[in-house]
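**Student:** Hey, can you work out the whole structure from these sequences and the hints?
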Amino acid sequence: MKICDSEDCVRIAASLKESMDTSVDPCDDFHQYVCGRWPQEHPIPDSSLTNSWFSERSDRVSRKIRDLLKVNISADEVPWAVMQAKTLFTSCMDVRTINKLDLSPLFDLLELLNLPLIPAALSNETTNYVEQMAKVKRILGLDVFFGFRIMTDPRNNSRNVIYFDTPDHSNPFPSDRELEKRLHTIRSRLRKLEEVDDEFVFSDNEDAELVYMTDVIKQVISNGTVNACTPEDEFKVSAEKLEEFVEMLYGISHIIYHMVHEDSNHTISEEDLKDKDYMLVDDLQKLTDEYVMEINSSLTPKPIWRSFIESLLEGIVTFDLDEKDKVLVGNLDYLKDAALILAAFEEEALGMAVSRLFVDPTFHNNKVRKVMEMWENIREAFASLVVRIDWMDQSTKTATLEKNRKMGSEIGFPEWLFDEKKLNEYYEGIDDYINGELTLGENIADNGGLREAFVAYGIWKAQHGQEPLLPGFTQLTHEQLLFLAFAHVSQ
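Using UniProt numbering, read the sequence shown as starting at 1 and increasing by one per residue.
Among the clues, some could well be false.
Only pairs whose alpha carbons sit at most 27 Å apart, straight line, appear in this in silico BS3-like list of lysine-lysine [to be verified]:
1. K421 with K367
2. K367 with K397
3. K286 with K302
4. K17 with K461
5. K64 with K17
6. K70 with K100
7. K64 with K422
8. K2 with K406
9. K286 with K370
10. K370 with K403
11. K461 with K406
12. K64 with K370
In case anyone wonders, no lab produced these hints; they're calculated from the structure.
**Tutor:** Written as C-alpha coordinates, this is what we have:
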(Lines of atoms letter the chains of each structure in order from A and count residues from 1; the text may use other names and numbers.)
(Lines give C-alpha, C1' and ligand atoms only; values in the text may rest on other atoms or scores of the structure.)
Protein backbone atom coordinates (compact mmCIF):
# COMPACT_ATOMS: atom_id res chain seq x y z
CA MET A 1 0.00 0.00 0.00
CA LYS A 2 1.56 3.28 -1.13
CA ILE A 3 0.89 6.39 0.98
CA CYS A 4 1.46 9.94 -0.23
CA ASP A 5 3.71 11.74 2.26
CA SER A 6 4.23 15.01 0.38
CA GLU A 7 3.61 18.31 2.15
CA ASP A 8 0.39 18.90 0.20
CA CYS A 9 -0.99 15.44 1.02
CA VAL A 10 -0.24 15.78 4.74
CA ARG A 11 -1.80 19.25 4.82
CA ILE A 12 -4.96 18.08 3.02
CA ALA A 13 -5.30 15.03 5.26
CA ALA A 14 -4.94 17.18 8.38
CA SER A 15 -7.55 19.64 7.09
CA LEU A 16 -10.03 16.82 6.52
CA LYS A 17 -9.31 15.06 9.82
CA GLU A 18 -9.72 18.09 12.07
CA SER A 19 -13.23 18.76 10.74
CA MET A 20 -14.55 15.17 10.85
CA ASP A 21 -16.63 13.48 13.52
CA THR A 22 -15.53 9.88 13.04
CA SER A 23 -17.77 8.69 15.88
CA VAL A 24 -20.70 8.99 13.47
CA ASP A 25 -21.55 6.33 10.91
CA PRO A 26 -21.32 8.05 7.48
CA CYS A 27 -24.25 5.95 6.29
CA ASP A 28 -26.42 7.47 9.03
CA ASP A 29 -25.33 11.11 8.80
CA PHE A 30 -22.73 11.84 6.14
CA HIS A 31 -22.68 15.58 6.81
CA GLN A 32 -22.00 15.11 10.53
CA TYR A 33 -19.33 12.53 9.69
CA VAL A 34 -17.48 14.91 7.36
CA CYS A 35 -18.16 18.29 9.00
CA GLY A 36 -19.13 17.48 12.59
CA ARG A 37 -16.17 19.34 14.11
CA TRP A 38 -16.01 22.12 11.54
CA PRO A 39 -17.70 24.76 13.79
CA GLN A 40 -15.23 24.05 16.60
CA GLU A 41 -12.13 24.01 14.39
CA HIS A 42 -13.27 26.88 12.17
CA PRO A 43 -15.25 29.30 14.38
CA ILE A 44 -17.14 32.13 12.71
CA PRO A 45 -14.99 35.28 12.84
CA ASP A 46 -16.42 38.21 14.77
CA SER A 47 -16.30 40.21 11.54
CA SER A 48 -18.65 37.84 9.72
CA LEU A 49 -21.96 36.02 10.06
CA THR A 50 -20.86 32.80 8.38
CA ASN A 51 -17.73 30.84 7.66
CA SER A 52 -16.80 28.35 4.97
CA TRP A 53 -13.83 26.78 3.26
CA PHE A 54 -14.12 29.33 0.46
CA SER A 55 -14.42 32.38 2.73
CA GLU A 56 -11.34 31.27 4.68
CA ARG A 57 -9.34 31.03 1.44
CA SER A 58 -10.65 34.40 0.35
CA ASP A 59 -9.59 35.94 3.66
CA ARG A 60 -6.19 34.30 3.30
CA VAL A 61 -5.72 35.93 -0.10
CA SER A 62 -6.80 39.31 1.32
CA ARG A 63 -4.28 39.00 4.15
CA LYS A 64 -1.53 38.11 1.69
CA ILE A 65 -2.38 41.10 -0.50
CA ARG A 66 -2.49 43.35 2.57
CA ASP A 67 0.93 42.20 3.75
CA LEU A 68 2.48 42.59 0.29
CA LEU A 69 1.05 46.08 -0.17
CA LYS A 70 2.43 47.11 3.22
CA VAL A 71 6.00 46.36 2.11
CA ASN A 72 8.03 49.42 1.16
CA ILE A 73 8.71 49.33 -2.58
CA SER A 74 9.98 51.98 -4.96
CA ALA A 75 8.82 52.84 -8.45
CA ASP A 76 12.06 51.39 -9.83
CA GLU A 77 11.33 47.92 -8.42
CA VAL A 78 7.86 47.25 -9.83
CA PRO A 79 5.79 48.21 -12.90
CA TRP A 80 3.80 51.44 -12.83
CA ALA A 81 0.50 49.53 -12.50
CA VAL A 82 1.70 47.73 -9.35
CA MET A 83 2.90 51.05 -7.93
CA GLN A 84 -0.57 52.48 -8.52
CA ALA A 85 -2.06 49.70 -6.40
CA LYS A 86 0.55 50.33 -3.70
CA THR A 87 -0.14 54.09 -3.77
CA LEU A 88 -3.89 53.52 -3.44
CA PHE A 89 -3.41 51.23 -0.45
CA THR A 90 -0.96 53.59 1.26
CA SER A 91 -3.16 56.64 0.77
CA CYS A 92 -6.27 54.90 2.06
CA MET A 93 -4.40 53.68 5.15
CA ASP A 94 -2.93 57.13 5.88
CA VAL A 95 -5.36 57.90 8.70
CA ARG A 96 -3.48 61.02 9.81
CA THR A 97 -3.83 62.71 6.42
CA ILE A 98 -7.43 61.53 6.09
CA ASN A 99 -8.27 63.10 9.45
CA LYS A 100 -6.47 66.29 8.42
CA LEU A 101 -8.58 66.50 5.26
CA ASP A 102 -11.66 66.24 7.48
CA LEU A 103 -14.87 66.38 5.41
CA SER A 104 -13.42 68.09 2.34
CA PRO A 105 -13.32 64.84 0.25
CA LEU A 106 -16.99 64.30 1.06
CA PHE A 107 -17.85 67.84 -0.03
CA ASP A 108 -15.87 67.32 -3.24
CA LEU A 109 -17.80 64.12 -3.94
CA LEU A 110 -21.14 65.83 -3.28
CA GLU A 111 -20.19 68.54 -5.76
CA LEU A 112 -19.13 65.92 -8.30
CA LEU A 113 -22.48 64.15 -7.90
CA ASN A 114 -24.38 67.46 -8.07
CA LEU A 115 -25.76 66.83 -4.59
CA PRO A 116 -26.38 69.79 -2.24
CA LEU A 117 -24.22 70.32 0.83
CA ILE A 118 -27.39 70.98 2.82
CA PRO A 119 -30.12 68.33 2.39
CA ALA A 120 -33.17 69.54 0.48
CA ALA A 121 -35.35 68.71 3.49
CA LEU A 122 -33.64 71.55 5.37
CA SER A 123 -32.96 74.01 2.55
CA ASN A 124 -36.34 73.69 0.77
CA GLU A 125 -34.51 73.67 -2.56
CA THR A 126 -35.49 71.32 -5.36
CA THR A 127 -32.86 69.42 -7.31
CA ASN A 128 -32.72 67.35 -10.46
CA TYR A 129 -32.73 63.90 -8.89
CA VAL A 130 -32.68 62.12 -12.27
CA GLU A 131 -29.35 63.73 -13.11
CA GLN A 132 -28.11 62.92 -9.62
CA MET A 133 -29.05 59.25 -9.99
CA ALA A 134 -27.22 59.11 -13.31
CA LYS A 135 -24.09 60.64 -11.78
CA VAL A 136 -24.22 58.24 -8.82
CA LYS A 137 -24.40 55.32 -11.24
CA ARG A 138 -21.68 56.66 -13.53
CA ILE A 139 -19.22 57.76 -10.85
CA LEU A 140 -19.90 55.33 -7.99
CA GLY A 141 -21.43 52.45 -9.93
CA LEU A 142 -24.40 52.34 -7.54
CA ASP A 143 -28.08 51.88 -8.34
CA VAL A 144 -30.62 54.02 -6.50
CA PHE A 145 -34.27 53.43 -7.38
CA PHE A 146 -33.79 51.09 -10.31
CA GLY A 147 -31.04 49.04 -11.86
CA PHE A 148 -29.32 49.95 -15.11
CA ARG A 149 -27.03 47.53 -16.89
CA ILE A 150 -25.54 46.93 -20.31
CA MET A 151 -25.15 43.25 -20.98
CA THR A 152 -25.29 40.60 -23.67
CA ASP A 153 -28.75 39.99 -25.08
CA PRO A 154 -29.63 36.47 -23.85
CA ARG A 155 -31.58 35.88 -27.06
CA ASN A 156 -28.80 37.11 -29.35
CA ASN A 157 -25.30 37.11 -27.86
CA SER A 158 -23.89 39.01 -30.84
CA ARG A 159 -25.32 42.27 -29.52
CA ASN A 160 -25.72 44.13 -26.24
CA VAL A 161 -28.91 45.47 -24.72
CA ILE A 162 -29.75 48.02 -22.03
CA TYR A 163 -31.51 46.53 -19.02
CA PHE A 164 -33.67 48.39 -16.54
CA ASP A 165 -34.08 46.14 -13.55
CA THR A 166 -34.37 46.13 -9.79
CA PRO A 167 -31.42 47.86 -8.06
CA ASP A 168 -28.26 45.80 -8.30
CA HIS A 169 -27.28 45.93 -4.64
CA SER A 170 -28.19 44.17 -1.43
CA ASN A 171 -30.69 45.47 1.08
CA PRO A 172 -29.27 48.46 3.00
CA PHE A 173 -30.65 47.11 6.25
CA PRO A 174 -28.67 44.54 8.25
CA SER A 175 -29.76 40.95 7.74
CA ASP A 176 -31.82 39.24 10.41
CA ARG A 177 -28.77 37.21 11.46
CA GLU A 178 -26.76 40.41 11.77
CA LEU A 179 -29.46 41.93 13.97
CA GLU A 180 -29.65 38.83 16.13
CA LYS A 181 -25.88 38.87 16.55
CA ARG A 182 -25.92 42.54 17.53
CA LEU A 183 -28.75 42.01 20.01
CA HIS A 184 -26.87 39.03 21.46
CA THR A 185 -23.85 41.29 21.97
CA ILE A 186 -25.99 43.97 23.61
CA ARG A 187 -27.67 41.48 25.95
CA SER A 188 -24.30 40.01 26.91
CA ARG A 189 -23.04 43.46 27.87
CA LEU A 190 -26.21 44.18 29.82
CA ARG A 191 -25.84 40.92 31.74
CA LYS A 192 -22.29 41.94 32.66
CA LEU A 193 -23.65 45.24 33.94
CA GLU A 194 -26.18 43.35 36.05
CA GLU A 195 -23.35 41.39 37.65
CA VAL A 196 -21.50 44.61 38.48
CA ASP A 197 -24.51 46.64 39.64
CA ASP A 198 -27.07 44.73 41.68
CA GLU A 199 -29.54 47.60 41.29
CA PHE A 200 -29.49 47.34 37.50
CA VAL A 201 -32.46 45.28 36.29
CA PHE A 202 -33.15 44.34 32.69
CA SER A 203 -36.95 44.48 32.81
CA ASP A 204 -39.30 42.22 30.91
CA ASN A 205 -40.67 45.26 29.07
CA GLU A 206 -37.24 46.24 27.82
CA ASP A 207 -36.51 42.69 26.73
CA ALA A 208 -39.86 42.47 24.96
CA GLU A 209 -39.17 45.76 23.21
CA LEU A 210 -35.88 44.45 21.83
CA VAL A 211 -37.59 41.29 20.59
CA TYR A 212 -40.37 43.38 19.10
CA MET A 213 -37.89 45.58 17.24
CA THR A 214 -36.06 42.54 15.92
CA ASP A 215 -39.34 41.29 14.45
CA VAL A 216 -40.04 44.72 12.95
CA ILE A 217 -36.65 44.90 11.26
CA LYS A 218 -37.04 41.32 10.01
CA GLN A 219 -40.33 42.34 8.45
CA VAL A 220 -38.71 45.37 6.81
CA ILE A 221 -35.98 43.15 5.41
CA SER A 222 -38.35 40.49 4.11
CA ASN A 223 -40.44 43.13 2.36
CA GLY A 224 -37.39 44.89 0.97
CA THR A 225 -35.56 41.97 -0.57
CA VAL A 226 -34.98 42.13 -4.29
CA ASN A 227 -36.87 39.61 -6.39
CA ALA A 228 -34.99 38.57 -9.50
CA CYS A 229 -36.80 39.23 -12.77
CA THR A 230 -37.65 36.26 -14.93
CA PRO A 231 -37.50 36.37 -18.75
CA GLU A 232 -41.31 36.65 -18.71
CA ASP A 233 -41.02 39.90 -16.73
CA GLU A 234 -38.66 41.52 -19.23
CA PHE A 235 -39.79 43.69 -22.09
CA LYS A 236 -37.93 45.58 -24.80
CA VAL A 237 -38.52 49.28 -25.37
CA SER A 238 -37.43 51.54 -28.18
CA ALA A 239 -35.11 54.50 -27.68
CA GLU A 240 -38.05 56.88 -28.28
CA LYS A 241 -40.17 55.22 -25.59
CA LEU A 242 -37.22 55.23 -23.24
CA GLU A 243 -36.73 58.96 -23.83
CA GLU A 244 -40.41 59.59 -23.07
CA PHE A 245 -40.09 57.57 -19.87
CA VAL A 246 -37.05 59.56 -18.72
CA GLU A 247 -38.79 62.87 -19.51
CA MET A 248 -41.82 61.75 -17.52
CA LEU A 249 -39.58 60.72 -14.62
CA TYR A 250 -37.81 64.07 -14.81
CA GLY A 251 -41.11 65.95 -14.89
CA ILE A 252 -42.48 64.48 -11.67
CA SER A 253 -39.47 65.51 -9.56
CA HIS A 254 -41.16 68.72 -8.40
CA ILE A 255 -44.43 66.91 -7.73
CA ILE A 256 -42.70 64.32 -5.54
CA TYR A 257 -40.82 67.04 -3.68
CA HIS A 258 -44.00 68.96 -2.81
CA MET A 259 -45.80 65.76 -1.85
CA VAL A 260 -43.05 64.89 0.62
CA HIS A 261 -42.85 68.45 2.00
CA GLU A 262 -46.58 69.18 1.89
CA ASP A 263 -46.78 69.71 5.65
CA SER A 264 -43.15 70.60 6.28
CA ASN A 265 -44.19 73.51 8.51
CA HIS A 266 -45.39 71.06 11.13
CA THR A 267 -43.15 71.38 14.20
CA ILE A 268 -41.80 68.22 15.78
CA SER A 269 -42.05 68.39 19.56
CA GLU A 270 -38.80 68.67 21.50
CA GLU A 271 -37.90 66.23 24.23
CA ASP A 272 -34.88 65.89 26.48
CA LEU A 273 -32.26 65.90 23.74
CA LYS A 274 -31.24 68.68 21.39
CA ASP A 275 -32.77 68.87 17.94
CA LYS A 276 -29.61 67.66 16.22
CA ASP A 277 -29.61 64.54 18.41
CA TYR A 278 -33.16 63.32 17.91
CA MET A 279 -34.97 65.30 15.23
CA LEU A 280 -34.00 63.02 12.37
CA VAL A 281 -35.17 59.98 14.30
CA ASP A 282 -38.53 61.57 15.01
CA ASP A 283 -38.79 62.77 11.44
CA LEU A 284 -38.24 59.21 10.27
CA GLN A 285 -40.95 58.03 12.65
CA LYS A 286 -43.33 60.64 11.28
CA LEU A 287 -42.70 59.57 7.69
CA THR A 288 -43.05 55.92 8.69
CA ASP A 289 -46.42 56.63 10.32
CA GLU A 290 -47.64 58.49 7.24
CA TYR A 291 -46.55 55.63 5.00
CA VAL A 292 -48.31 53.03 7.14
CA MET A 293 -51.54 55.05 7.15
CA GLU A 294 -51.34 55.58 3.40
CA ILE A 295 -50.93 51.87 2.73
CA ASN A 296 -53.62 50.79 5.19
CA SER A 297 -55.62 53.43 7.05
CA SER A 298 -57.06 50.83 9.42
CA LEU A 299 -53.63 50.26 10.98
CA THR A 300 -52.41 52.20 14.00
CA PRO A 301 -48.74 53.15 13.57
CA LYS A 302 -46.51 52.09 16.43
CA PRO A 303 -43.49 54.01 17.71
CA ILE A 304 -40.41 52.25 16.37
CA TRP A 305 -37.22 54.19 15.85
CA ARG A 306 -36.75 56.19 19.07
CA SER A 307 -37.78 53.33 21.36
CA PHE A 308 -35.47 50.99 19.46
CA ILE A 309 -32.43 53.28 19.74
CA GLU A 310 -33.05 54.14 23.38
CA SER A 311 -33.58 50.50 24.34
CA LEU A 312 -30.59 49.35 22.33
CA LEU A 313 -28.19 51.84 23.90
CA GLU A 314 -29.55 51.96 27.43
CA GLY A 315 -26.99 50.98 30.05
CA ILE A 316 -24.08 50.68 27.62
CA VAL A 317 -21.36 52.91 28.99
CA THR A 318 -19.26 52.80 25.79
CA PHE A 319 -21.89 54.85 23.94
CA ASP A 320 -22.23 58.61 24.27
CA LEU A 321 -25.62 59.86 23.10
CA ASP A 322 -24.26 63.39 22.86
CA GLU A 323 -21.94 62.38 20.02
CA LYS A 324 -23.95 61.45 16.98
CA ASP A 325 -21.07 59.91 15.06
CA LYS A 326 -20.53 57.25 17.73
CA VAL A 327 -24.17 56.30 17.55
CA LEU A 328 -23.98 56.00 13.78
CA VAL A 329 -21.05 53.59 13.77
CA GLY A 330 -22.68 51.70 16.62
CA ASN A 331 -19.38 50.92 18.35
CA LEU A 332 -19.39 47.57 16.54
CA ASP A 333 -16.02 46.21 17.63
CA TYR A 334 -16.26 43.19 15.36
CA LEU A 335 -15.98 45.12 12.09
CA LYS A 336 -13.25 43.93 9.75
CA ASP A 337 -9.86 45.55 9.77
CA ALA A 338 -9.76 48.42 7.26
CA ALA A 339 -6.61 47.05 5.63
CA LEU A 340 -8.35 43.73 4.86
CA ILE A 341 -11.37 45.50 3.38
CA LEU A 342 -9.07 47.60 1.23
CA ALA A 343 -7.03 44.55 0.17
CA ALA A 344 -10.20 42.76 -0.95
CA PHE A 345 -11.26 45.85 -2.89
CA GLU A 346 -7.89 46.11 -4.62
CA GLU A 347 -8.05 42.43 -5.55
CA GLU A 348 -11.32 43.17 -7.35
CA ALA A 349 -10.46 46.58 -8.83
CA LEU A 350 -6.74 46.11 -9.59
CA GLY A 351 -6.54 42.33 -9.67
CA MET A 352 -3.85 42.02 -12.33
CA ALA A 353 -1.57 44.55 -10.65
CA VAL A 354 -1.75 43.08 -7.14
CA SER A 355 -1.64 39.47 -8.35
CA ARG A 356 1.75 40.16 -9.94
CA LEU A 357 3.10 40.53 -6.41
CA PHE A 358 2.31 36.97 -5.34
CA VAL A 359 1.56 34.63 -8.25
CA ASP A 360 4.10 31.92 -8.98
CA PRO A 361 5.82 32.73 -12.31
CA THR A 362 6.63 29.02 -12.76
CA PHE A 363 2.99 27.92 -12.45
CA HIS A 364 2.50 27.51 -16.20
CA ASN A 365 5.63 25.38 -16.41
CA ASN A 366 4.98 23.16 -13.38
CA LYS A 367 1.25 22.81 -12.70
CA VAL A 368 -0.84 24.04 -15.58
CA ARG A 369 -0.51 20.72 -17.44
CA LYS A 370 -2.19 18.85 -14.59
CA VAL A 371 -4.97 21.42 -14.35
CA MET A 372 -5.53 21.30 -18.11
CA GLU A 373 -5.73 17.51 -17.98
CA MET A 374 -8.32 17.73 -15.20
CA TRP A 375 -10.29 20.26 -17.24
CA GLU A 376 -10.28 18.07 -20.35
CA ASN A 377 -11.40 15.07 -18.28
CA ILE A 378 -14.30 17.09 -16.85
CA ARG A 379 -15.30 18.21 -20.33
CA GLU A 380 -15.18 14.60 -21.57
CA ALA A 381 -17.21 13.49 -18.54
CA PHE A 382 -19.83 16.16 -19.24
CA ALA A 383 -20.13 15.01 -22.85
CA SER A 384 -20.61 11.38 -21.77
CA LEU A 385 -23.36 12.38 -19.34
CA VAL A 386 -25.15 14.42 -22.02
CA VAL A 387 -25.11 11.46 -24.40
CA ARG A 388 -26.67 9.17 -21.77
CA ILE A 389 -29.48 11.40 -20.46
CA ASP A 390 -32.98 10.61 -21.71
CA TRP A 391 -34.82 13.90 -21.02
CA MET A 392 -33.03 15.93 -23.75
CA ASP A 393 -33.96 15.66 -27.44
CA GLN A 394 -31.32 14.92 -30.04
CA SER A 395 -31.07 18.42 -31.52
CA THR A 396 -30.52 19.92 -28.05
CA LYS A 397 -27.91 17.26 -27.29
CA THR A 398 -26.07 18.09 -30.50
CA ALA A 399 -26.07 21.82 -29.71
CA THR A 400 -24.92 21.15 -26.13
CA LEU A 401 -22.07 18.90 -27.24
CA GLU A 402 -20.96 21.45 -29.83
CA LYS A 403 -20.93 24.20 -27.21
CA ASN A 404 -18.96 21.94 -24.87
CA ARG A 405 -16.43 21.27 -27.65
CA LYS A 406 -15.94 24.97 -28.38
CA MET A 407 -15.72 26.02 -24.75
CA GLY A 408 -12.45 27.78 -23.97
CA SER A 409 -10.48 27.88 -20.74
CA GLU A 410 -8.47 30.47 -18.86
CA ILE A 411 -6.20 28.83 -16.30
CA GLY A 412 -3.62 30.52 -14.15
CA PHE A 413 -2.73 34.02 -15.30
CA PRO A 414 -2.24 35.71 -18.69
CA GLU A 415 1.24 35.37 -20.14
CA TRP A 416 1.60 39.15 -20.34
CA LEU A 417 1.29 39.57 -16.55
CA PHE A 418 5.08 39.65 -16.20
CA ASP A 419 5.51 41.85 -19.28
CA GLU A 420 5.85 45.27 -17.64
CA LYS A 421 4.87 47.20 -20.76
CA LYS A 422 1.69 45.20 -21.39
CA LEU A 423 0.69 45.26 -17.72
CA ASN A 424 0.97 49.06 -17.67
CA GLU A 425 -0.99 49.29 -20.94
CA TYR A 426 -3.77 47.24 -19.34
CA TYR A 427 -4.28 49.97 -16.73
CA GLU A 428 -3.08 53.04 -18.63
CA GLY A 429 -6.64 54.32 -19.12
CA ILE A 430 -7.49 53.97 -15.45
CA ASP A 431 -7.88 57.74 -14.99
CA ASP A 432 -10.24 58.05 -17.94
CA TYR A 433 -12.71 55.21 -17.77
CA ILE A 434 -13.72 52.08 -15.98
CA ASN A 435 -13.35 49.02 -18.15
CA GLY A 436 -16.27 46.85 -17.12
CA GLU A 437 -16.52 43.16 -17.79
CA LEU A 438 -19.40 41.22 -19.31
CA THR A 439 -20.12 38.20 -17.22
CA LEU A 440 -22.48 35.34 -17.87
CA GLY A 441 -24.66 34.64 -14.86
CA GLU A 442 -24.71 30.88 -15.24
CA ASN A 443 -24.24 28.38 -12.42
CA ILE A 444 -23.83 24.64 -12.83
CA ALA A 445 -25.81 22.72 -10.23
CA ASP A 446 -23.66 21.17 -7.51
CA ASN A 447 -24.99 17.69 -8.07
CA GLY A 448 -24.29 17.82 -11.80
CA GLY A 449 -20.80 19.12 -11.13
CA LEU A 450 -20.14 16.35 -8.63
CA ARG A 451 -21.25 13.71 -11.14
CA GLU A 452 -18.93 15.21 -13.75
CA ALA A 453 -16.03 15.25 -11.28
CA PHE A 454 -16.67 11.61 -10.38
CA VAL A 455 -16.73 10.51 -14.03
CA ALA A 456 -13.70 12.71 -14.83
CA TYR A 457 -11.74 11.11 -12.00
CA GLY A 458 -12.55 7.70 -13.46
CA ILE A 459 -11.11 8.87 -16.78
CA TRP A 460 -7.95 10.12 -15.06
CA LYS A 461 -7.59 6.90 -13.09
CA ALA A 462 -7.87 4.83 -16.27
CA GLN A 463 -5.05 6.88 -17.78
CA HIS A 464 -2.68 7.05 -14.78
CA GLY A 465 -3.60 4.16 -12.51
CA GLN A 466 -4.09 4.07 -8.74
CA GLU A 467 -2.93 7.07 -6.70
CA PRO A 468 -1.10 6.84 -3.36
CA LEU A 469 -3.47 7.01 -0.39
CA LEU A 470 -3.73 9.97 1.96
CA PRO A 471 -2.06 9.49 5.37
CA GLY A 472 -4.69 8.68 7.98
CA PHE A 473 -7.27 7.70 5.34
CA THR A 474 -5.99 4.31 4.22
CA GLN A 475 -9.38 2.78 5.08
CA LEU A 476 -11.12 4.82 2.36
CA THR A 477 -11.00 4.38 -1.40
CA HIS A 478 -10.13 7.29 -3.65
CA GLU A 479 -13.73 7.44 -4.84
CA GLN A 480 -14.90 7.79 -1.22
CA LEU A 481 -12.28 10.49 -0.64
CA LEU A 482 -13.65 12.43 -3.61
CA PHE A 483 -17.08 12.66 -1.97
CA LEU A 484 -15.45 13.41 1.38
CA ALA A 485 -13.48 16.31 -0.13
CA PHE A 486 -16.57 17.65 -1.91
CA ALA A 487 -18.54 17.72 1.33
CA HIS A 488 -15.59 19.31 3.14
CA VAL A 489 -15.33 22.33 0.85
CA SER A 490 -19.11 22.66 0.35
CA GLN A 491 -20.26 22.45 3.95
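**Student:** Run every hint past the structure and note whether it holds.
**Tutor:** Now for the hints, and whether the structure bears them out:
| no. | hint | verdict |
| --- | --- | --- |
| 1 | K421 with K367 | holds, 26 Å |
| 2 | K367 with K397 | violated, 33 Å |
| 3 | K286 with K302 | holds, 10 Å |
| 4 | K17 with K461 | holds, 24 Å |
| 5 | K64 with K17 | holds, 26 Å |
| 6 | K70 with K100 | holds, 22 Å |
| 7 | K64 with K422 | holds, 24 Å |
| 8 | K2 with K406 | violated, 39 Å |
| 9 | K286 with K370 | violated, 64 Å |
| 10 | K370 with K403 | holds, 23 Å |
| 11 | K461 with K406 | holds, 25 Å |
| 12 | K64 with K370 | holds, 25 Å |
Hint violations for this structure: numbers 2, 8, 9, all remaining hints satisfied.
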